[in-house]
Amino acid sequence: MTAGLTLDTVTVRARGRTLLDGVSLRVAPGDFVAIVGPNGAGKTTLLRVALGLLRPDAGQVRVEGRDVSGLKPGERAALLAWLPQRLEAAEPITALEQVVAARYRFPESRRASETAALRALAEVGAQDFASRPVTELSGGERQRVAVAGLLAQETPLVLLDEPANFLDPAQQLELYTRVGHLWRAGRGLLCVTHDVNVLTHARAPGTRAPRVVGLTGGRVMFDLDYDAPDLGEHLGALFGVRMHSTSVDGHRVFVGLPRGGGAP
Amino acid sequence: MKLRLWAVLALCGVACAVAPFIGPGFSADTADFIFWQLRVPRTLMAMLVGGTLSLVGAVYQSLFANPLAAPSTVGTTAGATLGALVAIVLGARLAPGGLPLITAAAFVGALGVSFVVAAIAAGRRVRMNDVVLAGIACSMAAGALATGLQFSADSAELMAATRWSLGHLPQVGYSGVLLLTPFAVVTLVGLLTLTRALEVFIAGEEHAESQGVPVRRVRTVAIGLGALGVAACVAWCGPIAFVELIVPHVVRRTLGVSRRVLLPGSVVVGAAFLALCDASARVVLPGRELPVGVVTAALGTPLLVYLVARGRS
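The listed protein sequences correspond, in order, to chains L and U. Quick note, the first sequence lines up with residues 1 to 264 if you use the UniProt record's numbering. Quick note, the second sequence lines up with residues 1 to 313 if you use the UniProt record's numbering.
Just so you know, these hints were derived from the structure itself, not from any lab. As the structure is a prediction and not an experimental result, all values here were calculated from the model. Hints should not be assumed to be uniformly reliable.
[As the list claims (entries may be wrong)] Dumping the calculated SDA-like pairs for lysine to any residue here, alpha-carbon to alpha-carbon at most 20 Å: (1) Lys72(L) - Pro156(L); (2) Lys2(U) - Pro92(L); (3) Lys2(U) - Arg110(L); (4) Lys72(L) - Arg196(U); (5) Lys72(L) - Lys2(U); (6) Lys72(L) - Arg217(U).
[To be verified] What follows is a set of in silico ranges between Cβ atoms, one per label pair, in the way DEER data are often shown: (7) Thr301(U) - Leu173(L): 49 to 55 Å; (8) Ala7(U) - Pro92(L): 18 to 24 Å; (9) Leu257(L) - Ala122(U): 38 to 44 Å; (10) Gly16(L) - Ala122(U): 25 to 31 Å; (11) Ser131(L) - Thr301(U): 30 to 36 Å; (12) Leu303(U) - Glu108(L): 51 to 57 Å; (13) Arg119(L) - Ala309(U): 49 to 55 Å; (14) Leu307(U) - Thr11(L): 39 to 45 Å.
For glycine and all other residues, C-beta sits at the position ideal for the given N, C-alpha and C.
Using the sequences plus the hints, can you model the full thing?
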């Protein structure tokens, strides 16, 4: 049995298009794997396949050694938690109720669920708006509640789909710092993003670097450490620009420049 | 919030208790009979039907994440109407018994159409919007067949069909109440046990699935149970307009959207609302009874518009 999430030569086709083409990937507990790539690269498809929401046409997805499509929803929810691009409640339920929903998989009393949910909200500093409707929260507050949901589900693996997409820079920083906490608590993380620089927020000084997997046209182009010297080159090729790596306050960041050179 | 909850519950209890007393006065010698044999069973019937329809409406709205979803969305009402029409057109000649045959046919029609929709909902790749579309398509097909039947019916049959389609609470005494009770109880208890799963549905069905909800099973069970309960109600009373749509929204705006309040709240408020509507139907045109479907729309629409308008400001 292999711990973590394994994609083994996964291929997904839809309407004559190949969305994923023989993708192999492994996320072990304690790994932070970032999937980067241009729009339409197949990033979201990859997450949906990993979650078992989509069946691959070829290849296999295994979680803790078991085929994900053979798992019951309850079993799968015990292993994988998912934060979609936008988690929107159709109606103004309270933040507490939203986090309580993440406890569905536990056969426990309502009171126990609420206690666990409140603990998760406190962990992300959201206890003050536990009883406020989620629809009235700001984007950053809403994402904090969503992270509390991930905590409350208590899974070894967490899948995130561009969680900072609609956030301003301060909120992005805060969110990825929390994602970093999830990671250092021993969870395996698979995070889709098209901005690699946010990953630096998730790191604490002296810790391991996240892994960056480049995806385009449904294929894995590279699988490198964030600190790999040639990551910039690969990122540039992936996005069709020149990627220059530089250091700001000891953080490695990447700047995209036009291909023809020119600008310093 | 707690106080408001108890206030609404108390109000509903009073409404149900008062309902049989509302209506034109009656002389002393017939009072007992009218009160115990007509009005009390009618009120009980109204409570059963109102509670069931409202809960099914609330569950469908939660399930489809669509505030306009109702039993009519999944074809239940159209199927019942088709069944009743078939019975009226054929049965007027075949069965002198009349009502039970129409009731049985409406029940079969409602179940038939909604189980087609439930079967579609059970499909693996099917999304909620597809289910709504399938429901609308099945409704239209059943409606077209019904219209075709009406076209070939004679005037007496047409009149009977029109009356049936207005929605009414029949003079059935306790036998009707007893027949409806098991269906209502199964529907109410079954649907209320889905509360926990429906709470998770608020953030979308895929997310619910990722949190461990067996989505396909929940929606098949919900649509199936809902169809059973509504079919039983519609079979006796015809399609009573608006109850299943209005009551959940009234509850939402007075007691909140939490499924743990909305679902049981809809049962209680729905029961009281229909009992009260039925009582008002006796008062509006004394001697001649207005179909209760007319009253539910007449009373419910202003209430809903008021609540929506208040919510906006």
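Tested hints:
| no. | hint | result |
| --- | --- | --- |
| 1 | Lys72(L) - Pro156(L) | holds (17 Å) |
| 2 | Lys2(U) - Pro92(L) | holds (18 Å) |
| 3 | Lys2(U) - Arg110(L) | holds (18 Å) |
| 4 | Lys72(L) - Arg196(U) | holds (18 Å) |
| 5 | Lys72(L) - Lys2(U) | violated (38 Å) |
| 6 | Lys72(L) - Arg217(U) | holds (12 Å) |
| 7 | Thr301(U) - Leu173(L): 49 to 55 Å | holds (50 Å) |
| 8 | Ala7(U) - Pro92(L): 18 to 24 Å | holds (21 Å) |
| 9 | Leu257(L) - Ala122(U): 38 to 44 Å | violated (54 Å) |
| 10 | Gly16(L) - Ala122(U): 25 to 31 Å | holds (28 Å) |
| 11 | Ser131(L) - Thr301(U): 30 to 36 Å | holds (33 Å) |
| 12 | Leu303(U) - Glu108(L): 51 to 57 Å | violated (39 Å) |
| 13 | Arg119(L) - Ala309(U): 49 to 55 Å | violated (41 Å) |
| 14 | Leu307(U) - Thr11(L): 39 to 45 Å | violated (52 Å) |
Of the numbered hints stated above, those contradicted by the structure are hints 5, 9, 12, 13, 14, listed in ascending order.
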